[in-house]
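Here the structure of chain A is known, so what remains is to put chain B in place on it, guided by the hints.
Chains as they are written, first to last, in the numbering used here: chain A, 1 to 723; chain B, 1001 to 1097.
None of these hints come from the bench; they were simulated from the model.
Treat each hint with caution, since some may be false.
[What the hints assert, rightly or not] A few chain B residues that don't get close to chain A, going by computed Cβ distances all over 12 Å: (1) E1004; (2) A1026; (3) A1039; (4) F1044; (5) I1057; (6) F1061; (7) A1070; (8) L1074; (9) L1095.
[What the hints assert, rightly or not] Far from chain A by the CB rule (all over 12 Å, computed), these chain B residues: (10) A1005; (11) L1012; (12) F1051; (13) G1052; (14) E1054; (15) F1060; (16) A1066; (17) E1069; (18) A1075; (19) S1079; (20) F1092.
[As the list claims (entries may be wrong)] If we take Cβ atoms under 8 Å as the criterion, some of the chain A residues that face chain B in the derived model are: (21) A683; (22) Q699; (23) T700.
Virtual Cβ for every residue (Gly too), placed ideally from N, Cα, C.
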Amino acid sequence: MSAVIAPVIALAQGGGQAAAEAAHFEPFLPGLVVLLPLLGFVLNGILALRHGRDSAAAVRRGEELDLGDRASRPATHTLPTWIGPGVLGAAFVITLVNFARMFGADLEAPVIVHYWTWIATGTFTVEAALQLDQLSMIMMMVVTGVGFLIHVFSVGYMRDDAGYPRYFAYLNLFVFFMLVLVMGSSYALMFVGWEGVGLCSYLLIGYWFSDREKSDAGKKAFIVNRIGDVGFLIAMFLLFRAFGTVDFVPVFAEAETLVYAGGLVTAITLFFFLGAVGKSAQIPLHIWLPDAMAGPTPVSALIHAATMVTAGVYLVARSSVLFALAPLSSAVVAGIGVLTALFAATIALKQNDIKKVLAYSTVSQLGYMFVGVGVGAYAAGVFHLMTHAFFKALLFLGSGAVIHAMHDAYHSTHSHEDAQDMRNMGGLKTYMPITWATMWIATLAISGIWPFAGFFSKDEIIWQTAAFGGAENAPYAALYSVYWIVALAAAMLTAFYMTRMMVMTFHGENRTGAEESKHLHEAPAVMWVPLAVLAVLSVFGGWINVPEAIQTSWVGLFGALPTGEWLHHWLEPLTAQAHHIQEANLGELAHSAPFGGGEVLWATISTAAAAVVVFLSIRFVGGQKTVPVAQDETAPSGFGAVLLNKYYVDEFYDRFVVQPIVRASRFCWKTIDSLVIDGAVNAVGLVAKAFGWGVSMFQTGSVNTYAFILTVGVLVILGVAVL
Amino acid sequence: MITEALMLSAILFVIGTFGVLVRRNAIIMFLCIELQLNAVNLSFVAFSRMFGIEGQIFVFFVMTVAAAEAAVGLAIIISIFRHYETVNVDSFNLLKW
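For reference, chain A alone in the conformation it holds in the complex:
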C-alpha cells in the first residue's frame, strides 16, 4: 500500500523537490495517531455502557429486543458505525502524512517524540515517548490502513449484533495498544502495548461470552500468552542489568559491547523469542490461535492474522542488532519458524472449518516470517509481514463474507447446521462472485504465484535461507540448508491447502441445501469494498520489494516492475547495524543455493511448482466427492485422523501440562492448604482453648478458694521481694 500511495502524496507536496532536498523529517501530530483510537474506545465504551443499561431496562420491562428493524435502532447502536471506523480513518490519514514526510526526508536516525517521564527511579527512567522510524512507520501503515479496512468491513458484519458498540470499543482499544506497541520508544512501552493487545485479544475472542466454549477460548489465549510474556519480562530485566536502560536507541548503540555469541546476548534474545513465540503462536505455544477463531471473523482478520500476531516478528526485527549478535538464537528463531511453517501447513490440509484452515495458515505464514528474521533477512521478514497482512486480512474478511451469507441462509430456515464448515458450502462462486474473485487473488498470493504479493515476500525469505545455508562461514550452515528445503516443502503444502479451501468453498455443487441456497447472497458494499482494496494490495503489494539482483530477469518483467528492493533500502538505516555485525563475523553470504542454482532459477522453480500444485489440487479436490456434514459418516483414519486432530497437541498438553497442574493445585488446596495450614491454625486455637479450660478449673466460685489464692499470692510476692 505504502509504495502505491506514498509517491502520489509526495508528488502532491511538490514531491520531486522535497526528495531532492533530503528534507528534515518533521513528525506530524504522531501523538494523535495513538490518541484517536483511544478516543474512539472511550466514546464507544460510553455508548456500550448506555446501550447495555438501556437494553437491560427494556428486557426488564418485558420488551422484545428487535435489531431487525434498522430504522428504529437507538443512537447507541448507530453512532459506533461512524465513530469506530472514523477514528481509524483519521489516524490513517495522519499516518499517511507522516509517511509522506518521512518518504521525502532522508531519515538517518529514529526521531523520538517525547511527552513525559513515565517512570523515574534512581538511574532507571522510562519515558512516555514515541519512536518514529522506517520500521515503526511501516507497522503504523499496516495497523491503521488494514485496520481501517477491517473496521469498515465490521460495520457490515457486526451491525445486527446486540453488542455492536462494545465490539467497536474493544476494536478501537486494540488499535490503540497495537500502536503503542509499534511506536513506543522502549521495550517497557512496547510491553505496555504487548499486554494491552493481549487483553483486547482476550476480550474479543470471548466477545460472545455467553457461549462457554468461546469464553474458554479467550482464557486459553490469555493464559498461553502469559507464558511468553514471562520471557519478554526476563529479557527486559537482563537488558536493564546489562545496559541500565531499556530504551531502543541507547540499547542498540551499546549492544556491540556485548560479546558476540556470548551467553548474555543469547539469553536475552532467547527470552525475547519466548515472548514472540507466545504472541505469534509458534510451536510449542501455537495452540491458542486456532481456538481464537471463536471471536468474530473481522477480529480474526485484524488481531489474529494481520497485526497482533505479527508483533513477535516486529519484536525480533526491532531487536535485529541483538539477534545478529546471537547466531544460536537466530538459528533457534529460524528453526522454530520453519518447523511451525511445516507443522501448521500439514494440519491445515485436513481441517474442514474454513476459519480453522486460515488459522493454521496464519500460524504457518508467521513461521515463514520468523525464518526470515532468523536468517538475518529482517527486511524480508517485515516484507512478508506486510504482504501477509494484505492477503490474510483479505482471506479472513472473505471467509467472513462467506460465513455471513451461510449464516443468513441457515438462519432463514432455522437450521442449526454449521455455517463455517466447508462441507456445507460448495458452489458459492455463483452466489458471491466478488468474494470468490478477491479470495482467489489472495489464495494465489499466499501460494506464492508470480506476480502476486506473496510470491515476492515468500521467495525472498526462502532465497535468503538458501543463501545463508550456502555461505562458507555461516554457523549451522547445514542446518539452514535443511530449513530451506523444509520451507520449500511447506510452500507447496500452502498452495495445496489453500486451493483445497477455495475449491471446497466456491466450486463444485452447492451443498448448503435446496431451501437454504435461495438465501445465499453477495456481501453488501460495505463489506466487499474493503475486499476489493485488499485484493489490489495483494496483487501489487509485492512490487515494492522486487529483489534488485533479479529485477532484470522475468521475475521483474525484465526491469519493468518498479522500485527494486524499495522496502529493503527503506529499512536499511535500521538493519544496517545488524548486517554489519553479521558481515563482520560471518563474511559474505552465498550467491547460490546449497545445490547450486541462483535466485532466478529457484524463484522459477518454486512458483512453477506452486502453480502445478494449485492446478493439480483443483483437479484432485474437485474430483473428490464431498458430502454435507449431516450426511458425512466417513471418519478419517490413519494419518488423516492425526492431522484432523492437530497431532493431538491439545490432548498432549492436557495430559502432561494441564492435568498435572490441576492435580498439583488440588494437592496444594486439599493437602497443603486445608490440612497443613488450616490444621496449624486450628491447632493453635485448640491449644489456647485447652489451656483456658485447664486454668478455669481454679475458678471455683468459692470465696474461700479465692481468698486462699490471694493470700498465697501476696505471700509469694512478699517472699520474692524480701529474698
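Then chain B, alone, in the frame of chain A:
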C-alpha cells in the same frame, strides 16, 4: 514504742487474715477484713509519729472507704441471705464465669 505498735498491728492483721481463711460465716469474714484494715490503720498512725501527719490523713481515707465497702458488702450479704437463707460461704459459688 513504735516497735510495740507495729507488733500489735501485725498480730491484728494475722488474726484478720486467719479469720478470712478459716471461717465460713460471711459476716465473720467481713469483720475479719475490717480487722485487717484497722491493723493497717494502726501502722499508719504509728508511722505518722516518725514521718509526719500524712499517715493519719491516710487513715481517714481508709476508714471512709471501709465504711462505704461495709455498706455495699452488708447489702450483698443480706441479699444472698434472702435468697439462700444462709450466710455460709461454702453453700454458694456465684463468683465464677
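Which hint numbers doesn't this structure obey? 2, 9, 20, 21
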